[in-house]
Amino acid sequence: MHAYLTAAMFTLMGFAFVASTLLLSRLLRPSAPNPDKLETYECGPLPVGDAWQQFNMHYYLFALLFVVFDVEAAFLYPWAVAYKQVGLYAVVEMILFVGLLGFGWAYAWRRKALEWD
Amino acid sequence: MTAHLGTIAFVSLTALTILPAIMVVSTRNLVHAGFWMLPCLIGVAGFYALLEAHFFVVVQILIYIGAILVLIMFALMLTRDVMDPKERQTNAMGVWAGVICGLGLLASAHMLFRHPWVGVTSHPGDAHAQTVALGKALVTRYALPFEAASVLLLAALIAAIVIAKSMRPPAASVGCDGEVSGG
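Here the protein sequences line up with chains A and B, keeping their order. Numbered per this note's numbering, the first sequence spans residues 584 to 700. Numbered per this note's numbering, the second sequence spans residues 3 to 185.
Any given hint could be a false lead.
Only pairs whose alpha carbons sit at most 25 Å apart, straight line, appear in this in silico SDA-like list of lysine to any residue [unchecked claim]: (1) A:Lys667 <-> B:Asp128; (2) B:Lys167 <-> A:Leu648; (3) A:Lys620 <-> A:Ser603; (4) A:Lys667 <-> B:Leu136.
Hints are computed from structural coordinates only; laboratory data are not their basis.
Construct the complete structure from the given sequences, taking the supplied hints into account.
Dropping the structure here:
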């Protein structure tokens, strides 16, 4: 519990530090509003259109692949801590678990889901 | 002192969870709604911390904030019309949905008040003991749900690939004629 309290205090102080720094700079800096300052910065050139547009489906596929293997990693942690006490049975089960997902990964590879066309 | 601290933590975490949750459903901008989910999910992680379920704190941050939120943001980027902040956010069934949800809320509140709550007397073990117990339960008692989760993830993965691959890219792309469709 104490560790979380430390983390919470750290977070609060982080927010307080950022807020006080911004407040201090607001008090010190000169104010000169200009519409050009609110332009989207795109490495110098003027931005064309806006960012509110449909993105390629491929991004979703990558995100989903990431979610699947992130969940797998989350399952690996408690298994890795406990497998020594369960023995071969646990190893076989994890091989099955990872193997099934490995099949999905191989399928993604075969269907060229990981490539930009 | 410790009891007060727990109450303060509970109240602040509730605020941290519920206020952003209200923002998620009320903000006009879907991407902003997606970002408001972040403090909401952090609040839920805080509840796990309060319950001393250490492994779930990490999993909540790793999976829900690190992966599912990213997936939701990408899903929002795929949509076109709903991204428009000027789009109407209610429809004709809104009132009925509200009535049904309200009844559901009343029913669950009723059940909650009728339930005889038993105070937890035993103290949860330390982080290592908890994780060992969880790992053991996963491969022994809950082995079937554990493997079923793998099949579920596999189904989601393959379905997404099939759908994405059967769709043509939105913009006309060149040099993809070698792709064999179907199968």
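Each hint, compared with the structure:
{"no.": "1", "hint": "A:Lys667 <-> B:Asp128", "result": "19 Å, holds"}
{"no.": "2", "hint": "B:Lys167 <-> A:Leu648", "result": "14 Å, holds"}
{"no.": "3", "hint": "A:Lys620 <-> A:Ser603", "result": "23 Å, holds"}
{"no.": "4", "hint": "A:Lys667 <-> B:Leu136", "result": "14 Å, holds"}
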